[in-house]
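Take any residue in the sequence shown, count from 1 to its spot, add 57: that is its number in this note's numbering.
Honestly, the hints are just simulated from the structure, not real lab data.
Please read these numbers as outputs of a predicted model, since none were measured by experiment.
Where a beta carbon is used, it is the ideal one built from N, C-alpha and C, also for glycine.
It is possible that part of the hints are untrue.
To be verified - Derived DEER-like restraints, expressed as beta-carbon distance ranges: (1) A388 with P527: 21 to 27 Å; (2) E518 with L393: 35 to 41 Å; (3) R102 with A524: 54 to 60 Å; (4) T200 with L393: 28 to 34 Å; (5) A542 with L110: 26 to 32 Å.
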Amino acid sequence: MTPGSDAERYCGADLAVRALETGGVRLCFGNPGTSEMAFVSALDRCDALRAVLCLDEGVTTAAADGYARMTGLPAATLLHLGPGLANGSTNLHNARRARSPLVNIVGDHATTHVPCDAPLQSDIEALAGWSSGWVRRVAAVETISADVAAAVAAARQPPGQVATLILPGDFSWSPAPADIPIPAAETLAAAVPDEAVLAQVAELLRRHGRRAALHLGGSALHEAGLWQAGRIAAATGARLIHDTFTARVDRGAGRVPVQRIPYFAEEATAFLADLACLVGVGTRPPVSFFAYPGRPSEMAPTDALFEVFTDPAQDGTAALAALADSLGAPAAPAVLADYNVAGEEQEGGFDHFAIGRILARHLPEQAIIADDGVTAGFGSYQAFATTVPHTHLFLTGGAIGIGLPLAVGAALGAPGRRVVSLNGDGSAMYNLQALWTQAREQLPIVNIVFANRAYRILDIEAERIGARLPLGPKARSLIDLTSPALDWVKIAGGMGVAASCAEDAAAFEAQLVDALAQSTPTLIEAVIP
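Using the sequences plus the hints, can you model the full thing?
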């Protein structure tokens with residue numbers, strides 16, 4: 058054996074990387090440290106696994122989430138010890154709510170070093186538990202291949218989950234035999250409801266007609282699932298609805314329209330008020346985001362039935378197709394969205410509704426929307442209903458800051474499709490390092506930052522919870538983003554992203570047209586009230 062040869066260097070980390078490759082994992086988003094350097098080195102000795110550096114662990118985990126939402130496949134994340142996991146946990150929470158498959162590799166101290174209680178020592182299992190559906194610690198070099206294969210299988214188990222594997226540094230760097238077999242990552246196929254459940258749901262829809270709603274989630278909101286839901290609506294008159302912040306919806310002209318449950322509880326309650334029956338397709342009964350004085354948390358009428366047709370682990374699209382056939386539904390939906398966008402902006406205010414109309418006019422076909430616009434994003438959602446066919450990704454777990462990094466993963470998961478990220482100025486600050494990764498990877502992303510210079514949603518929520526108004530200077534200082542105002546043109550420029558600022562509709566439209574002509578990332582700061 059020649060000193061320094063590949064055979065001599067083969068170690069536990071090589072087993073981990075090979076097992077990821079064998080399991081079909083093709084991307085590793087990483088923010089590594091000392092404990093992960095053997096893994097980092099092993100990436101040089103693999104062919105199929107691409108590495109993408111992220112400058113913050115929240116970017117790492119959100120990017121993997123975006124990739125999973127667009128591909129249905131897990132990416133790997135590489136995090137450094139408990140503090141690195143803690144930094145990434147916010148967007149692991151969003152990924153968990155999105156039911157995204159994700160293999161989360163967390164490096165740990167060498168087993169011999171753990172008793173020393175070094176400064177970075179932490180309880181990684183406890184940190185991982187609340188955001189992961191599956192957690193395991195590697196116990197020996199010889200089990201690494203099997204452990205990684207099990208993590209991949211767990212991540213891909215329907216409907217998808219975060220699978221965290223803790224890899225001690227000494228097992229990663231220790232020599233390993235190159236002939237250890239790499240087991241296949243076995244996954245279960247998504248099941249469909251049995252005939253009795255199908256018959257019961259069909260009867261409910263026939264009985265309640267227009268007072269019934271299919272409450273759709275998961276793959277049922279992809280184009281194929283919505284087509285089947287549209288057939289059912291044509292046969293029964295049932296409404297089609299989805300949660301405020303679902304993982305993904307395929308929308309636009311030529312697709313089956315589906316209604317979004319409003320964010321605010323009283324609006325959602327009115328939206329659902331006439332329903333006698335909700336049929337859950339990969340969903341749970343709708344509840345309000347927060348509790349409010351004197352208002353119920355459950356938003357559907359108290360006498361309305363919620364019937365589970367499919368749980369999240371079942372194949373919602375196949376189930377809807379079977380249900381449509383059992384109802385004798387027509388072969389095609391009766392209602393598809395027509396292309397209809399507003400003409401040029403007239404003289405008037407520049408707000409998030411105007412921005413939505415402009416975006417709808419210029420949105421490229423099959424664009425992907427990474428939506429973290431918070432209050433400012435609703436105008437775009439409304440305008441996009443009848444624009445070109447596109448895919449809309451939402452803030453599933455409510456933990457803001459996902460827009461910029463979610464766009465990274467979506468762009469890498471769907472090359473050739475334009476990505477537009479919508480961001481509140483406050484929320485965009487949470488993971489602004491994603492701009493650097495966009496620039497390094499030269500991703501075709503247009504980032505819109507709604508600069509209203511405040512956590513505007515908190516103005517609304519203060520009134521809704523009964524806070525004493527108007528807010529005084531001390532309270533106002535905690536939701537105001539001026540003194541100094543954020544300068545997104547400079548922030549983006551420092552990350553290598555070309556940026557501009559628009560203070561009126563004409564400037565925004567001109568800057569958007571220019572941004573969409575680029576093949577590299579851009580940012581537009583839209584200054585709105």
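- request: Check the following: the C-beta atoms of A542 and L110 are separated by a distance inside 26 to 32 Å.
  value: At roughly 30 Å between Cβ atoms, L110 and A542 fall inside 26 to 32 Å, so the hint holds.
query: Within 35 to 41 Å or not, the Cβ separation of E518 and L393?
result: holds, 37 Å
query: How does the Cβ-Cβ distance of T200 and L393 compare with 28 to 34 Å: does it lie in that range?
result: violated, 52 Å
query: For the pair A388 and P527, does the Cβ-Cβ distance stay inside 21 to 27 Å?
result: violated, 58 Å
task: Could you say whether the range 54 to 60 Å given as a hint is met by the Cβ separation of R102 and A524?
output: With Cβ atoms ~58 Å apart, the hint holds.
Of the numbered hints stated above, those contradicted by the structure are hints 1 and 4, listed in ascending order.
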